[in-house]
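**Q** Sequence:
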Amino acid sequence: MGGKNEKKWFQESFRRNLVDMHIEDWDERFLSEYDPEKYVEMLTTANVNTAMIYANSHVGLCYWPTKSGQMHKNLKGRDILGEVINLCHGKGMSVVVYYTLTFVNRAYEQHPEWRIITPKGEDGKGSGLPRYGICCLNTPYRDFALEQVKEIVNGYRFEGIWFDMTFWPEVCYCPSCKKRFLNEVGKEIPRTVNWENPEWVQFQRKREEWLAEFALLFTSTAKNLNPDLTVAHQSNTFIWDWKMGPSVELARALDYMSADLYGNNLDQSFSSKFFYNLSENLPFEYMTSRCPHLFHHTVMKPIELLEAQAFSALTNGAGFQFIDAIDPVGTLDKRVYKQMGDIYKEIERYEKFLGGDLCQDVGIYVSFESRFYPEDNNKDIEEVNTNLGFGLDLRIPIHTKTARSYAKALLNNNIPYGVITKKNLSGLSHHKIIILPDVLVMDHEEIEALKDFVEKGGGLFVTREAARIRKDGTKEEDFLLSELLGVSYKDKMTEFFTYIAPTDEGKELLHPYTPKYPLGMISAHVKVEEKKGTKILGTLTLPYTHPGDPDRFASIHSNPPGVPTEYPSIVMNKYGKGKVIYVAVNLDLVLMEDIFLDLLNHISPEPFNLRSDAPKQVELTLFHQRNKNRYIVNLLNFQSELPNIPVEGIEVKVKLEEKKPIKVLQLPDEKELDFEVEDSFVIFTAPRLETFLMVALDYEWVHL
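For the working numbering, count along the sequence shown from 1 and bump the result up by 2.
Since the hints were derived computationally from the structure, they do not count as laboratory data. Even glycine gets a Cβ: it sits at the ideal position worked out from N, Cα and C. Please note: incorrect hints may appear among the correct ones.
To be verified - Result set (DSS-like, lysine-lysine): computed pairs, CA atoms no more than 30 Å apart in a straight line:
1) Lys69 x Lys208
2) Lys425 x Lys509
3) Lys381 x Lys453
4) Lys533 x Lys453
5) Lys665 x Lys655
6) Lys69 x Lys425
7) Lys618 x Lys655
8) Lys453 x Lys579
9) Lys403 x Lys381
10) Lys509 x Lys381
11) Lys336 x Lys453
12) Lys425 x Lys225
13) Lys180 x Lys381
14) Lys180 x Lys122
15) Lys93 x Lys180
16) Lys336 x Lys303
17) Lys208 x Lys453
18) Lys208 x Lys225
19) Lys579 x Lys518
20) Lys381 x Lys347
21) Lys127 x Lys381
Claimed, not checked - Ranges between beta-carbon positions, derived for each pair:
22) Glu507 x Glu124: 53 to 61 Å
23) Ser431 x Asn196: 47 to 55 Å
24) Ser560 x Asp454: 25 to 33 Å
25) Ser431 x Asn185: 40 to 48 Å
26) Gly157 x Glu485: 38 to 46 Å
27) Gln13 x Pro566: 38 to 46 Å
28) Glu306 x Leu227: 38 to 46 Å
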């Protein structure tokens, strides 16, 4: 690659491609028409600058002359991996080699002792994914996979390796897992799920530990053989629940986060903010299929959707990778690559302006340990849906659901936000406000970091379950953050429709609601008691009768307020230089966004760095390029119904403080835009927004 610093290839690549090649060999037609030169010609047509190339597949067949595994027989010994790598390099592309872990049919078939075993005693193909033979990472399968990785890294020159399926698709009860747990803990693997029982939680912590160790083993093996190699692992399960075993420690085994993801504009915004902060290096990688889903083959997403997804990646500081799937005979549809080429040519125009630090005035805190389902407590593991299966478990943990609802409210109102984890504790001061959305579990390090953040002037917004469970599964009588919140836990109420009545202290924040007509919502309250000095902004009001009573009610359709109480619903507590808002219920943010925003503004130590009147379908992000004395404002129009309706006349305000604006430029053409300055904010009107706009704000420092 001509002396290029290969460690940093991903920092210069925003136009990537992966072609799925999970192809069997029982029919001689399969891959019979595969032509490496035509394959690379397609990538050139699409204006790709990084190609991810298959070394093996979920089928378990290899695309190089392997000594340790089984090669795809229809290739007749032809080394298509090596050929494509060389051809890509000849076109100036970086190459990442794809290698799948654990989902390997041939290994599964040939070694029954390597198979994952479900809680019901079924093997890997009984887990809801009957086409996939799944091997357990605690079996000697890992030695086989390591040998294959050594073959690849020693045999070829390329820039990165990408490991797929680095997660637990099941809670495994195979002999190897049982033996390892017994050796390390001295106990049998528990079968009763209980997140308030240290024995069950210890097993989950072990699952996380084993997975992180497994990932690090493959990362370190590759890097020991080639220190310049970058290593990434499939990261999409980091946004899922406990079953997949994600953790901060697992993230540290990756040079950068990389995931194939599917969803709407909120899904992409939320996951992008999450991966931005979890990634060891930037940019992270956002991957998505050019089809509506991977189980499609010929159906193409509308070009407007692919364009919005590609520019959403750019808006959030990610490299974009589109996924295609090869035809079983080995051909590709050129029309796909022409369409992607049009998108990537437009992306390329902006690349030299990318970079900087993402402004995140509000940080939504995500806890891996809190992503479980309390309703599963005391169930046998067989009663709990633990498999990956397509659509078999549609539940979302309350912690994740609440976090996403706050992200949507912030996105709708153009407030710069990020999604953070324990990895980011040392950088809490980068945020003005931290939100804890039903965080159920915390440890001492997290508690002390939050105390320090608030004591130094930060704002903290906490909802409902303010952590009563420690990381080892020990449950406390009171909130672990009781000192910060200014309240103590008393009980959990069963009334599922409740009200918040404003006090004199809170009437402006809860306007237009009153004690007679309080704020109602479908959510049970946590009963709390305030501490001395805590300011009560709202109190709990109950319906006349229990909402679940079918016989005794005041109004047949609804549950009107009828029983005022003195129990706090919303409180504000001062701690050091900062303020904390605690809400004992989950706000319905679809109906109560204004109240939520007023509460945030009440505890923010200073105004947010970005303001706009952009409509809800428009996302704005702000990046600070300190080395260039420049801010970059990205505007993305990503509507639920496409093609987008263009938006005119969006006003944008960027806070400059001790900086003097020099010029505002529409990129990439660097056309100057008019602006004005008011109360330390630079104000400009964005040009007509169809899908994406990038605006630069150049400044100089003012020395006071």
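**Q** With reference to the structure, classify each hint as holding or not holding.
**A** Checked hints:
1. Lys69 x Lys208: The hint is violated at about 34 Å.
2. Lys425 x Lys509: violated, 38 Å
3. Lys381 x Lys453: Between Lys381 and Lys453 the Cα gap is close to 36 Å, so the pair fails against 30 Å, i.e. violated.
4. Lys533 x Lys453: This hinted pair holds, its Cα atoms lying about 17 Å apart.
5. Lys665 x Lys655: Roughly 14 Å separates the two Cα atoms, so the pair holds.
6. Lys69 x Lys425: violated, 40 Å
7. Lys618 x Lys655: holds, 16 Å
8. Lys453 x Lys579: With a Cα-Cα distance of about 11 Å, the restraint between Lys453 and Lys579 holds, given a limit of 30 Å.
9. Lys403 x Lys381: holds, 22 Å
10. Lys509 x Lys381: Status violated; Cα separation ~44 Å.
11. Lys336 x Lys453: violated, 57 Å
12. Lys425 x Lys225: Measuring from Cα to Cα gives roughly 23 Å; hence the hint holds.
13. Lys180 x Lys381: holds, 20 Å
14. Lys180 x Lys122: Answer holds: Lys180 to Lys122 is near 14 Å, not above 30 Å.
15. Lys93 x Lys180: violated, 50 Å
16. Lys336 x Lys303: With a Cα-Cα distance of about 15 Å, the restraint between Lys336 and Lys303 holds, given a limit of 30 Å.
17. Lys208 x Lys453: Given that 30 Å is the threshold and the Cα spacing comes to 29 Å, the pair holds.
18. Lys208 x Lys225: holds, 25 Å
19. Lys579 x Lys518: violated, 35 Å
20. Lys381 x Lys347: violated, 54 Å
21. Lys127 x Lys381: holds, 24 Å
22. Glu507 x Glu124: 53 to 61 Å: Between Glu507 and Glu124, where Cβ atoms are some 58 Å apart, the hint holds.
23. Ser431 x Asn196: 47 to 55 Å: Because 37 Å falls outside the window, the suggested range is violated.
24. Ser560 x Asp454: 25 to 33 Å: violated, 45 Å
25. Ser431 x Asn185: 40 to 48 Å: Holds: the Cβ-Cβ distance is about 43 Å, inside 40 to 48 Å.
26. Gly157 x Glu485: 38 to 46 Å: violated, 58 Å
27. Gln13 x Pro566: 38 to 46 Å: violated, 59 Å
28. Glu306 x Leu227: 38 to 46 Å: Holds: the Cβ-Cβ distance is about 44 Å, inside 38 to 46 Å.
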